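2 protein chains.
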Amino acid sequence: MNDDGGGRFDRLYADRTMSMRTSATKALAAPRRGPGIVSLAGGSPEMGAFAEEALRRMGSSVVREAATAFQYGPTEGASAARSVVAEAIIAAGTPARSEDVLVTNGGQQVLDLMGRVFLNEEDAVLVEAPTYYGALNAFAAYRPRILGVPVDDEGMDVAAAREVLERARKIGTRVKFVYTIPNFQNPTGVTMTLGRRRELLELARDFGLPILEDDAYGMLRYEGESVPTLSALEHENIGGPGRVAYLGTFSKVFSPGVRLGWVHARPDILGRMRLAKQGADLGPSSLSQTVAVEFFRGGEWREHVRRLGGIYRERRDAMLDSLAEFMPEEVSWTRPEGGFFVWVTLPENLDAAAILPEAVGRGVAYVPGEDFYADAVAGKNRLRLSFSFAEPQLIWRGVRILSGIVRDRMEIEDIAAGRGLREQAYARGG
Amino acid sequence: MNDDGGGRFDRLYADRTMSMRTSATKALAAPRRGPGIVSLAGGSPEMGAFAEEALRRMGSSVVREAATAFQYGPTEGASAARSVVAEAIIAAGTPARSEDVLVTNGGQQVLDLMGRVFLNEEDAVLVEAPTYYGALNAFAAYRPRILGVPVDDEGMDVAAAREVLERARKIGTRVKFVYTIPNFQNPTGVTMTLGRRRELLELARDFGLPILEDDAYGMLRYEGESVPTLSALEHENIGGPGRVAYLGTFSKVFSPGVRLGWVHARPDILGRMRLAKQGADLGPSSLSQTVAVEFFRGGEWREHVRRLGGIYRERRDAMLDSLAEFMPEEVSWTRPEGGFFVWVTLPENLDAAAILPEAVGRGVAYVPGEDFYADAVAGKNRLRLSFSFAEPQLIWRGVRILSGIVRDRMEIEDIAAGRGLREQAYARGG
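Protein sequences, first through last, are from chains A and B. With numbering that gives the first Met the number 0, the residue at position 104 of the first sequence is 103, and numbering never jumps. With numbering that gives the first Met the number 0, the residue at position 235 of the second sequence is 234, and numbering never jumps.
Note that these hints are calculated values from the structure, not bench results. Do not rely on the hints blindly, as some may be mistaken.
Partial selection, computed: residues in chain B whose CB lies under 10 Å from chain A [as the list claims (entries may be wrong)]:
{"hint": "1", "residue": "LEU11"}
{"hint": "2", "residue": "THR103"}
{"hint": "3", "residue": "GLN107"}
{"hint": "4", "residue": "LEU135"}
{"hint": "5", "residue": "GLY171"}
{"hint": "6", "residue": "THR172"}
{"hint": "7", "residue": "ARG173"}
{"hint": "8", "residue": "GLY256"}
{"hint": "9", "residue": "ILE268"}
{"hint": "10", "residue": "ARG271"}
{"hint": "11", "residue": "GLY282"}
{"hint": "12", "residue": "THR289"}
{"hint": "13", "residue": "PHE325"}
All figures in this text were calculated on a predicted structure; none of them were measured in a lab. Glycine is no exception: its CB is placed at the ideal position from the N, C-alpha and C atoms.
Please model the entire structure based on the sequences and the hints provided.
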């Protein structure tokens, strides 16, 4: 290719391309089931739980429904698919009506559409810090400011959120919506308490803001009592979707390969998202919807979700037990009641991103904590472990290797710190 | 729902939501195969051409490849799918390599990604006028200026395009790329001549601009000689993709229901589009890719495309013959050598959008011409007829009905014009 090929287009690319992050790429591209590597990185679900019979039914639905499966369908989703989605939302404890549903390309597209519908450049979004990096990536296309609010054992610190919103109002920053993952948060695994949920709804009302509630993991609870979703709490009060737009996905309880997610929201928000989706890709895949409808048509999917819950609970236990067994006492971690993730805090002088290459070299992958913050300086000594994809004995192996690396690094840092102290002493003495 | 539901969020929506168009919606939502309605509106392909055997193979691939079909895959597309895409591009006459391919959600997503990667607000895009309304919709999310260039029998008027670009340069408008549909253009059906293609490449080189070449219909030629794509011409000169990003889709020759399209472009453009896609939806559907790969694996898909070509040629002929039979002589239309569309020009005083409700009421749907222009004042007396979806005898019926309506309207307008003249005469006389 010579220069006639257009030279370089650097001067032509949109400003937003500069804020598109590559870190998530790195994490997602980490080997998943390579020989000898234990991936505790990506949030890929287990696929072995499908009943052979269900697979056969789905395959034959492609043949039987070919006339619709291979044709264009409505932008908002096929009506059978919207019904199945409403049923899934209800099964997860949130009242829903199929006419309030937009079917999307996975939950990820809801994030993109929310940004597209609400964000002008320089507008702000309030998010948990840390939060799902894919959300930061999606919003980045619209160049917003990200206002991060800390997460503690009870979920988003709503009092801190109020302060952030008050400060934003004072300096004239236009905040457009709140993004939260109340159940088994990605990456921390923390579940927001009922009290905090009520406070968050009140806060949003006080500031007139919509909330995007990301409930990707809501159906995957392995212990403890369910907490009502923000959407369900709002429904109790007003009998339908109001300021809460509720995001869900088939990626965790059925299949990420079909790329089907949804948003349940009131008509003015939903209508704009629908138009935005039409411009983005015309509509969701009819083929995927056909297969998903076939899977959810019978009641057996509930059995499938129960089976998945059993598998994941065992893996979570393997992760918590192996962390307790192998990690030095200076390391702490969360104890998720569901979902896919454990959030690990290393001693402050350790850098999880810096350790990753060695970890991968020795056969274990994870996602460094800094990926989950809008400002890459935060979360340096944290990392996310996913227990969704590896079998228990592999989780044990992966955590053992990782713990060994952490111990080695702590020793090196201690020696360096010791030398540093000595050098300081020399310097002082000299 | 009471006011506690968040009141209205009108003050919160992004500015871009105001330019999201609903006209395309209207057209796409027009009944497709309703009882008694002939849809000459949407560009839905014929699905009856699938061999039963191919459907069965695709269904069983879902079962056989479940472990990958239902799991996450790479953002750029599975390697088998990228190979199949490269093969399809080559079959359409354009040299291609699978590593230069990004698999997308239909061709539509390429339009969105192109906008996302290149357009800041107020930047400009050079397009044909008229052009595909879905492209205008996709670009609208990034709030560009649309610079329209007329289309004649030889395709885009490149001399006019040069003038537009020179004027833009003079007044400081930043043009970011050229969007063109050289083969069987949507909506006009016109194919750009070889001479114009070479001129357009030269123009783009002179102004340092990338070109997005939309070749959705390239494989569907029913008569005449193929003209090399812009991408192929560029390849002759520089041996690979340079300033031309080449858009294709499975929607017309395989299935729109799988929502699979692609872009073939040089690495710097492709890499940015890949990152943009990751933020937008993580990646294409593994399920769709599995099914598509299965379909294209054997050579029989070439037979399928030939069969489709036969079906569409017959429908095109039905449309051209029935237009010649029924339309008044004041009406003219294009004669496409391929693709899906015929572009009809009514007498200047007729408004195609105003006639549509009556047409639908009497059983025939089409898309009014104004939908294909960025400024809705243009194309009022034009309309797009699609011959892809209706069988020949229905096309005859639809065109007969439409011609009758056009004749009636012409009479009414003539009478009104006559009365207008009489009134003017009275006014003068009085």
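The hint names B:LEU11 as touching chain A; please verify it with the least Cβ-Cβ distance against 10 Å. holds (5 Å)
At a threshold of 10 Å, is the proposed contact between B:ILE268 and chain A supported by beta-carbon distances? holds (7 Å)
Should the interface hint for B:LEU135 be scored as holding, given a Cβ-Cβ cut-off of 10 Å against chain A? Because about 9 Å separates B:LEU135 from the closest Cβ in chain A, which is inside the 10 Å limit, the hint holds.
Is the shortest C-beta separation between B:THR172 and chain A less than 10 Å? Violated. Min distance 13 Å.
Agreement of hint B:ARG271 with chain A interface, Cβ distance less than 10 Å: Holds, because the Cβ-Cβ distance from B:ARG271 to chain A comes to roughly 5 Å (cut-off 10 Å).
Is the shortest C-beta separation between B:GLN107 and chain A less than 10 Å? For B:GLN107, the interface hint holds, since the closest Cβ of chain A sits about 5 Å away, which is under 10 Å.
Per the CB criterion, is B:PHE325 less than 10 Å away from chain A? Constraint on B:PHE325 not satisfied, violated at 29 Å.
Please check whether B:GLY171 passes as an interface residue: C-beta within 10 Å of a C-beta belonging to chain A. violated (14 Å)
Is the interface hint for B:GLY282 satisfied, with its Cβ closer than 10 Å to some Cβ of chain A? Hint on B:GLY282: holds, closest Cβ of chain A at ~8 Å, below 10 Å.
Hint check, B:GLY256 versus chain A [nearest Cβ-Cβ separation less than 10 Å]: Holds - the Cβ of B:GLY256 comes within 10 Å of chain A, reaching about 3 Å at its closest.
Hint B:THR103 vs chain A: min CB-CB distance below 10 Å? Because about 8 Å separates B:THR103 from the closest Cβ in chain A, which is inside the 10 Å limit, the hint holds.
Tell me if the interface restraint on B:ARG173 is satisfied: Cβ within less than 10 Å of some Cβ in chain A. holds (8 Å)
Of the numbered hints listed earlier, those contradicted by the structure are 5, 6, 13.
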